[in-house]
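Protein chains: 2
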Amino acid sequence: MSQRKISRAVIKRLPRYYRYLGDLLDMGVERISSGELSQQMRVTASQIRQDLNNFGGFGQQGYGYNVRYLREEIAKILGLNTEHNMIIIGAGHLGTALANYNFEKNGFKTISLFDINPDLIGRTVRDIPIRSIDDLPEFLRENPVDIATLCLPKAKAKDIAQLLIDNGIKAIWNFAHTDLNLILPKDVVVENVHLSESLMRLSYTLKSRQQGEEE
Amino acid sequence: MSQRKISRAVIKRLPRYYRYLGDLLDMGVERISSGELSQQMRVTASQIRQDLNNFGGFGQQGYGYNVRYLREEIAKILGLNTEHNMIIIGAGHLGTALANYNFEKNGFKTISLFDINPDLIGRTVRDIPIRSIDDLPEFLRENPVDIATLCLPKAKAKDIAQLLIDNGIKAIWNFAHTDLNLILPKDVVVENVHLSESLMRLSYTLKSRQQGEEE
Numbered sequence: 001m002s003q004r005k006i007s008r009a010v011i012k013r014l015p016r017y018y019r020y021l022g023d024l025l026d027m028g029v030e031r032i033s034s035g036e037l038s039q040q041m042r043v044t045a046s047q048i049r050q051d052l053n054n055f056g057g058f059g060q061q062g063y064g065y066n067v068r069y070l071r072e073e074i075a076k077i078l079g080l081n082t083e084h085n086m087i088i089i090g091a092g093h094l095g096t097a098l099a100n101y102n103f104e105k106n107g108f109k110t111i112s113l114f115d116i117n118p119d120l121i122g123r124t125v126r127d128i129p130i131r132s133i134d135d136l137p138e139f140l141r142e143n144p145v146d147i148a149t150l151c152l153p154k155a156k157a158k159d160i161a162q163l164l165i166d167n168g169i170k171a172i173w174n175f176a177h178t179d180l181n182l183i184l185p186k187d188v189v190v191e192n193v194h195l196s197e198s199l200m201r202l203s204y205t206l207k208s209r210q211q212g213e214e215e
Numbered sequence: 001m002s003q004r005k006i007s008r009a010v011i012k013r014l015p016r017y018y019r020y021l022g023d024l025l026d027m028g029v030e031r032i033s034s035g036e037l038s039q040q041m042r043v044t045a046s047q048i049r050q051d052l053n054n055f056g057g058f059g060q061q062g063y064g065y066n067v068r069y070l071r072e073e074i075a076k077i078l079g080l081n082t083e084h085n086m087i088i089i090g091a092g093h094l095g096t097a098l099a100n101y102n103f104e105k106n107g108f109k110t111i112s113l114f115d116i117n118p119d120l121i122g123r124t125v126r127d128i129p130i131r132s133i134d135d136l137p138e139f140l141r142e143n144p145v146d147i148a149t150l151c152l153p154k155a156k157a158k159d160i161a162q163l164l165i166d167n168g169i170k171a172i173w174n175f176a177h178t179d180l181n182l183i184l185p186k187d188v189v190v191e192n193v194h195l196s197e198s199l200m201r202l203s204y205t206l207k208s209r210q211q212g213e214e215e
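Same order as they appear, the protein sequences are chains A and B.
Residues 1 to 215 (my numbering) make up the first sequence, in order.
Residues 1 to 215 (my numbering) make up the second sequence, in order.
These are computed hints drawn from the structure, not numbers from a lab.
Some clues are possibly wrong.
The list makes no distinction among identical chains, and a pair is therefore deemed to hold if it is satisfied within one copy or across any two copies.
What the hints assert, rightly or not - EDC-like, lysine to aspartate or glutamate: derived pairs with alpha carbons at most 16 angstroms apart:
(1) Lys-12 / Glu-197
(2) Lys-158 / Glu-191
(3) Lys-109 / Asp-26
(4) Lys-170 / Asp-23
(5) Lys-156 / Asp-23
(6) Lys-105 / Glu-83
(7) Lys-12 / Asp-127
(8) Lys-186 / Asp-127
(9) Lys-105 / Asp-26
(10) Lys-170 / Asp-135
(11) Lys-158 / Asp-119
(12) Lys-109 / Glu-83
(13) Lys-154 / Asp-26
Given these sequences and hints, build the entire structure.
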């Protein structure tokens, strides 16, 4: 199946389809029409048909979509059919919270945390050990790691990102309040979660709505 | 200053400008040209000029932008010049991590957490009390709250969102793995942070990059 023509906008919507289809399966729904899915997701039925046609038209006239099959195909496109090993750099509140999150169900497995704080090193979070950042290069030589999650103060984020890249990491999930774009080689990908900026967008939308300037 | 013509795309970029200008101030930089800002942010200089012209052209030919002034203007647009009171529903790992986050520096102050777990109720996080969810309506009657943060399992998110809306909340920062769009009145705004979906996008980009299909 070629993915060459799939736009970024469609890709952005895929995780949401994946979630909805999972919810449907949990409720025992085995097939669904684009019209029903449209109502639930508040997306037009034609958008849904267009989006899903990108992957070879899984829907059948008069039958709708096979929920389980469609979800599996989307999983393959998103790379969720292979397991990903993750590490978390920074075992503070956020790093610990992420280590406690159930990302395993989508194949993302946290295998170690790292920190510089001697009080934390040697402890565990859900049986996942917290190691010293000094042991990171050796750990990466000995363990396959697909994704490194950065939960660090921004002052340290770039140096640690460089260390990760120098040791072969190709994907960074960045919660540090800074961009890493200046130091990234082309074969390294970053997904940013800037919580403060999300909160600012909420603040803006709230203010605009209250002023009656939007929608 | 009219905001009527500002596009969503520009608004999405504003928090990033705000962050960069803050970093510049921290480094003692008082003025900057669109060219310099362009290099740092990896955005074209003409994009920067276009974006910032939306707010009345703060730049001056041959001088550039006054960093402090520009940052203050962006703060006003984003609503950061007023303090926002927040509550966090769900005092688990993520809720606690958010309560520990330094959102105050941008005017977002967490004044209470809420939970249903009797073991947590009565405790504090950074001196912020964890209250029973049963006390939520009374708390909202007696305290001005601008933003409610949802850090709940998705099974409970919609009921609690409804309770918040019934008690006057107009802005929800949603970390629950579900959309709230079905129940929202028009005057209530939501900003979603779907961590699993962010991770899936990273997984997709990594896979595409490795297959050499992207960029």
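Hint-by-hint comparison with the structure:
1. Lys-12 / Glu-197: Between. Shortest inter-copy distance 9 angstroms satisfies the 16 angstroms Cα cut-off; intra-copy 19 angstroms does not.
2. Lys-158 / Glu-191: For Lys-158 and Glu-191, the Cα distance is within 16 angstroms only inside one copy (15 angstroms; across copies 28 angstroms).
3. Lys-109 / Asp-26: The answer is neither: 22 angstroms in one copy and 37 angstroms across copies each exceed 16 angstroms.
4. Lys-170 / Asp-23: Neither: 31 angstroms inside a copy, 27 angstroms across copies.
5. Lys-156 / Asp-23: between (39 angstroms within a copy, 14 angstroms between copies)
6. Lys-105 / Glu-83: within (10 angstroms within a copy, 39 angstroms between copies)
7. Lys-12 / Asp-127: neither (33 angstroms within a copy, 39 angstroms between copies)
8. Lys-186 / Asp-127: Neither: 35 angstroms inside a chain and 45 angstroms across chains, both beyond 16 angstroms.
9. Lys-105 / Asp-26: Within. Shortest intra-copy distance 14 angstroms satisfies the 16 angstroms Cα cut-off; inter-copy 42 angstroms does not.
10. Lys-170 / Asp-135: neither (19 angstroms within a copy, 47 angstroms between copies)
11. Lys-158 / Asp-119: Cα proximity of Lys-158 and Asp-119: none, with 24 angstroms in one copy and 39 angstroms across.
12. Lys-109 / Glu-83: within (7 angstroms within a copy, 39 angstroms between copies)
13. Lys-154 / Asp-26: between (40 angstroms within a copy, 13 angstroms between copies)
Comparing the model with each numbered hint stated earlier shows that hints 3, 4, 7, 8, 10, 11 do not hold.
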